[in-house]
Amino acid sequence: MTNTASGIILVAAFAITFIIARLIMKRRAARAAAQERARLEFLRRNMPPPEPSKNKGKRRRQQRMQG
Numbered sequence: 089m090t091n092t093a094s095g096i097i098l099v100a101a102f103a104i105t106f107i108i109a110r111l112i113m114k115r116r117a118a119r120a121a122a123q124e125r126a127r128l129e130f131l132r133r134n135m136p137p138p139e140p141s142k143n144k145g146k147r148r149r150q151q152r153m154q155g
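Numbering-wise, the sequence shown is residues 89 to 155 according to our numbering.
Just so you know, these hints were derived from the structure itself, not from any lab.
Among the hints, a few may not be true.
Distance ranges between label pairs, derived from CB positions [unchecked claim]: (1) I108 with G145: 57 to 67 Å; (2) R152 with R125: 27 to 37 Å; (3) R127 with A100: 38 to 48 Å.
A virtual CB, placed ideally from N, CA and C, is assigned to each residue, including glycine.
Input sequences plus hints: build the corresponding full structure.
Quick look at the structure:
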């Protein structure tokens with residue numbers, strides 16, 4: 089009886105620990121992904137404007153798209 093009960097408690101404790109560890113890892117991964125997205129967005133916003141293309145048709149198309 090004691091062996092079975094302690095075995096069940098051990099398995100339950102392991103399962104709970106595993107679930108908590110997975111939640112922590114998911115939260116850390118989500119936070120890291122959000123920080124990376126914010127960093128990339130910041131870099132994209134602060135990039136210098138692209139220089140005009142040397143291709144005349146492409147340059148005109150870019151000018152039409154901008155304004």
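Evaluated hints:
Between I108 and G145 the beta carbon distance is about 59 Å. The supplied range of 57 to 67 Å therefore holds. At roughly 31 Å, the beta-carbon separation of R152 and R125 lies within the given 27 to 37 Å, and the hint holds. Between R127 and A100 the C-beta distance comes to about 41 Å, which sits within the given range of 38 to 48 Å.
Every hint from the earlier list agrees with this structure, and none is contradicted.
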